[in-house]
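**Student:** Respectively, the protein sequence lines represent chains A and B. Position one of the first sequence corresponds to residue 1 (the working numbering), numbered consecutively onward. Position one of the second sequence corresponds to residue 1 (the working numbering), numbered consecutively onward.
Derived by calculation from the structure, the hints in this document are not laboratory data. For each residue, glycine too, the CB sits at the ideal point set by N, CA and C. Each hint should be verified, as a subset may be incorrect.
Stated by the list, open to error - Across the chosen pairs, the derived CB separations fall in these ranges:
| # | chain 1 | residue 1 | chain 2 | residue 2 | range |
| --- | --- | --- | --- | --- | --- |
| 1 | A | D102 | B | V179 | 28 to 34 angstroms |
| 2 | A | R185 | B | D120 | 51 to 57 angstroms |
| 3 | B | V179 | A | A63 | 45 to 51 angstroms |
| 4 | B | S112 | A | S152 | 15 to 21 angstroms |
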Amino acid sequence: MSVQPSWPIARKLTLFLAAMVALLALVSWAMVTSFAREAAGRTQDNILAASATSIAETLRSEAGQIRLELPYSAFSMLGAISEDRVFYRVSAGSDLLTGYADLEGPDVATGDVAFDTMPFRGTTVRAVSVRRTVLSDGRVVPITVTLAQTRSGVQGIAAGLSRQAALLSGVVFLLAVGIAAYAVRASLKPLNTMAQHVATRGPSDLRPLRRQGPPELMPLVRALNRLMERLGGSLRRSEDFIAEAAHRVRTPLAVVRTQAEIALHSVEEEGQKQTLRRVIRAVDESSRSASQLLDHAMVSLRADDLARDRVDLPALAGNVADALRPTAEMKDIDIAVDAMPAAALGDAILIQNALRNVLDNAIKYSPAETVVRLSVQNGGGEARIEVRDQGPGFGDESAAHLTERFRRGEQVEGIVGSGLGLTIADEALAAHGGRLELNDNTGRPGACVSLILPAA
Amino acid sequence: MRVVDFARGLALILWAAAAPAQEFEIEDQRSYPGAGNAMLRVISTADLHVFEPFLLRFQAANPEIGIDYITASSAELNRAIRTGAVFDLALSSAMDLQFTLANDGYAQSYASAVTASLPDWARWRDQLFAFTAEPAVIVVNEARFAGLPLPRTRAELVTLLRDNPERFSGALGTYDLHVSGLGYLFATQEARSSDAFWRLTEVMGRLDARLYCCSSQMIDDVASGELALAYNVLGSYAEARLGHEDGLAILPLEDFANVMLRTALIPATAAEVEAAGAMLDALLAEGMGAGSAPVLPPLQSRDAGSDAPFAPIRLGPALMVYLDRLNRESFLAAWDAALLQQ
Numbered sequence: 001m002s003v004q005p006s007w008p009i010a011r012k013l014t015l016f017l018a019a020m021v022a023l024l025a026l027v028s029w030a031m032v033t034s035f036a037r038e039a040a041g042r043t044q045d046n047i048l049a050a051s052a053t054s055i056a057e058t059l060r061s062e063a064g065q066i067r068l069e070l071p072y073s074a075f076s077m078l079g080a081i082s083e084d085r086v087f088y089r090v091s092a093g094s095d096l097l098t099g100y101a102d103l104e105g106p107d108v109a110t111g112d113v114a115f116d117t118m119p120f121r122g123t124t125v126r127a128v129s130v131r132r133t134v135l136s137d138g139r140v141v142p143i144t145v146t147l148a149q150t151r152s153g154v155q156g157i158a159a160g161l162s163r164q165a166a167l168l169s170g171v172v173f174l175l176a177v178g179i180a181a182y183a184v185r186a187s188l189k190p191l192n193t194m195a196q197h198v199a200t201r202g203p204s205d206l207r208p209l210r211r212q213g214p215p216e217l218m219p220l221v222r223a224l225n226r227l228m229e230r231l232g233g234s235l236r237r238s239e240d241f242i243a244e245a246a247h248r249v250r251t252p253l254a255v256v257r258t259q260a261e262i263a264l265h266s267v268e269e270e271g272q273k274q275t276l277r278r279v280i281r282a283v284d285e286s287s288r289s290a291s292q293l294l295d296h297a298m299v300s301l302r303a304d305d306l307a308r309d310r311v312d313l314p315a316l317a318g319n320v321a322d323a324l325r326p327t328a329e330m331k332d333i334d335i336a337v338d339a340m341p342a343a344a345l346g347d348a349i350l351i352q353n354a355l356r357n358v359l360d361n362a363i364k365y366s367p368a369e370t371v372v373r374l375s376v377q378n379g380g381g382e383a384r385i386e387v388r389d390q391g392p393g394f395g396d397e398s399a400a401h402l403t404e405r406f407r408r409g410e411q412v413e414g415i416v417g418s419g420l421g422l423t424i425a426d427e428a429l430a431a432h433g434g435r436l437e438l439n440d441n442t443g444r445p446g447a448c449v450s451l452i453l454p455a456a
Numbered sequence: 001m002r003v004v005d006f007a008r009g010l011a012l013i014l015w016a017a018a019a020p021a022q023e024f025e026i027e028d029q030r031s032y033p034g035a036g037n038a039m040l041r042v043i044s045t046a047d048l049h050v051f052e053p054f055l056l057r058f059q060a061a062n063p064e065i066g067i068d069y070i071t072a073s074s075a076e077l078n079r080a081i082r083t084g085a086v087f088d089l090a091l092s093s094a095m096d097l098q099f100t101l102a103n104d105g106y107a108q109s110y111a112s113a114v115t116a117s118l119p120d121w122a123r124w125r126d127q128l129f130a131f132t133a134e135p136a137v138i139v140v141n142e143a144r145f146a147g148l149p150l151p152r153t154r155a156e157l158v159t160l161l162r163d164n165p166e167r168f169s170g171a172l173g174t175y176d177l178h179v180s181g182l183g184y185l186f187a188t189q190e191a192r193s194s195d196a197f198w199r200l201t202e203v204m205g206r207l208d209a210r211l212y213c214c215s216s217q218m219i220d221d222v223a224s225g226e227l228a229l230a231y232n233v234l235g236s237y238a239e240a241r242l243g244h245e246d247g248l249a250i251l252p253l254e255d256f257a258n259v260m261l262r263t264a265l266i267p268a269t270a271a272e273v274e275a276a277g278a279m280l281d282a283l284l285a286e287g288m289g290a291g292s293a294p295v296l297p298p299l300q301s302r303d304a305g306s307d308a309p310f311a312p313i314r315l316g317p318a319l320m321v322y323l324d325r326l327n328r329e330s331f332l333a334a335w336d337a338a339l340l341q342q
C-alpha cells in the first residue's frame, strides 16, 4: 500500500503566504502610485490656480479698454517645477483678449476656479479657468483666464514615486516570503522530527511516543499512541489466542497419537495398520504445526523485550542437532555438525527456536538417506549458522516471499507443512538485528539456509 | 558681425499657424554640397561670414552631409517655422521666440550624449538647446569719458549722466525697442531685475538718446566718437570690435548683466533629422568649449549659471510673458513715456 502525497503543507503554506504578501505588496504599490499621482496632480493644480489667479488680478479697465499684464512670476512659477509646455487664453465674454485662440478651458462660474484634463494640440494638458468680472464703461464684462500646462512633469514625478514604491514593495515581498518560508519550515520541524522518530523505530516497537511538541501536534501524538496501544493489545491478544489454541490442540493430539499407537500394536490386519499409520502421521503434522504456532507466538512475545545474553552458538547448534536427530533417523538422514567458536548476544531460546525450525525444514525436505550439514562460522563481525540439505532447493522464489507467514515454496508437493518455519526463523533473527539468507547450493542439489547474527 | 533683430509682428508670432502660409524673407543663402545625398537645411540668424568657419569644420568632419545655409531675421525665422517651411535646424538669437516655437510644438525632441552633458539651464525639454551665452554690455568711447570716473553700477551711471548733461546730450545710444527684438528682450529682463532701468531710461530720454536697430551700428557710432556710450550692446559683437578700433571700451558693470542664450532647435518638419542631430551635437560641443577658436562665445564662459550678476536669461515659460500682445503694448507704452517725455 502506498500513500499518495497531496501538496506538501510547507509548500502550500509558503505559496499561500507569498500570494498574500504579493497581493498586499501590489495593493500598497497601487495605492502609493495613485496617491503620488494625486499629490503631483494637486501640486500642479495649485500652481496653475495661483498663476491664473495672479493673472486675473491684473485685470482692469483703462479708458473703456480692458487691460491686463501677465505677471512674470505667474509664468516663471510654472517653469520652476517642470519643463512643461504652457498655454493661456484670456477672453472677455467670447472675445479673445490675448493668448491661444484655440484653447478652450473648462466652464467656470464667476469668482470660481475650475480644472479639467483635456486634449490640446495633440497632447494632454491640465487646464484651469478663473473667471472674474471687470467694470468697463459701466458694463459688467465677464473675463475668463485659462491657463494650461502639459503633464509630463507631473507624470514624471508620479512615475518616479511609483517606481520607488514598486522597488520597496518588491523588497518587502522578498523579505516577507523569506520569513514566511522560514516560519513554515520551523513550524513543521516538530512534525518531521516526530515522523523520523516513528520511522526509525523497530518493527515491533509499539511504545507510546514521549516527545514534547507544539500543542497542535498533541492530538496527533495522542491518537498515534492510542492506535499503537490498541494495535499492541490486539497483537498480544491474537498471539495469546494462538498460543492458547495451539496448546489446547496439542494435548488432545498427544492423547490421540498414543491411542493410535496402542491400536496399531493391537491390530493384525495390514489395511487397518496402514490406516492407523496415516492417522499417526497426520497427528504428528498437526502437532508440529501447533508447536510452530506456539514458537511463532513465543518469538513475537520474546522479541518485544529481547534478552541480551551471551549465546554460545556451537553448543546451541549441537543441542538442536541432537534434539532433531531422532526425527532425522526416521528417514535415515544424518546430521553433520561442523562448528567453529562463535557467540552472539541475544535470547538463546529464540535463536534455538529459529535454528530448530530451519533444521526441521531441511530434514523434512531432504530425500531419505542423505546428509544435512550444519556449520557454525565466525567472521566479518557476523556469526553464521549454515544449514545445507540435499533436497529440491528453493527454485526461483525470492527469499522475501518465502519468509512470509504461511507461504510455502514451489517444490513442496507431497510434503506436509505449515509455511511458518522460515517466518519464525526470520523474525527471531530480525529481532536480534540479524537476517536469514536463503540460497540454493551451488553446483549440487539442495538448499542452503544461513542464519546470520551480529557477532558478540 | 551682424545679427538681425527686426520688428516682430507679435500677432503673427503666436497665431501664425492659423494664418495662411506666407513667404518669408531671407537675407543670404549659400550651399555647401556634400559627398552624399543628404542636404541639411539650416535657417539661422547668424551671418554667413561669422558662421562659415564652423560650417566648413563640420563638413570636414562629415563630408557626406551637404549644407544649405540660409540667414533670416529672427522674426522671419520664427514665421518660416510657424508656416511650415521645411528646415532641419533653426539657430536663433531670439531665445523668447525660439522658446515659443518649442512650447507651441514646432520643435522635435533630440537626445544624445552631448545634449545630456549640457547644463540644465542651457536646454529645455530636449527640444531647445543653448550653444552660446552672450551678455548685454555697455560700450563707451574712452575719449568722450576723459576726466570722468567710469561708473561701476547702473546707479553710478545714472548719477554720472545726470551730472554731465552737456557732455552726454545726444551722445547716448540704445536699441529702439519697437524695432529690435533683442533690445526688447534685454530691456524687459532688465526692467524686471532692477528699478534702475526706468531711471536710466528717463535720464537717457532727457539727454536725447538716439535709438538704433542693431548693435553693430551703435558700435560703429561709438567707435567714430559720434556716441559716448551705447547701452545694452551685444557683448560678443563689441568684443570682436575691441581689437580693431582704438578708444572703444566695454564698461564692466558690477550690479548685473543680462546674458542672452543663442539657441538651436530641430523643427518638427525636419527631413534630415540624423544630420541635424550631428550638426547640433557639433554646435553644442563647440558651445561647451570643445573646439578650438569657437565662432561665437561659448557657454562655458558663463558656465557658472548660479553666478548671479551674469545669470543667463532663463529658458522657460516666463519668456512668453513679454511676447504677449497686451504686455508688449503696455511695456512699450511705459518705455515711450519714460524716453520721449517732453
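**Student:** All hints are to be evaluated individually against the structure, with a verdict given for each.
**Tutor:** Do the hints match the structure? See the list:
no.	hint	in the structure
1	A:D102 / B:V179: 28 to 34 angstroms	30 angstroms, holds
2	A:R185 / B:D120: 51 to 57 angstroms	53 angstroms, holds
3	B:V179 / A:A63: 45 to 51 angstroms	27 angstroms, violated
4	B:S112 / A:S152: 15 to 21 angstroms	20 angstroms, holds
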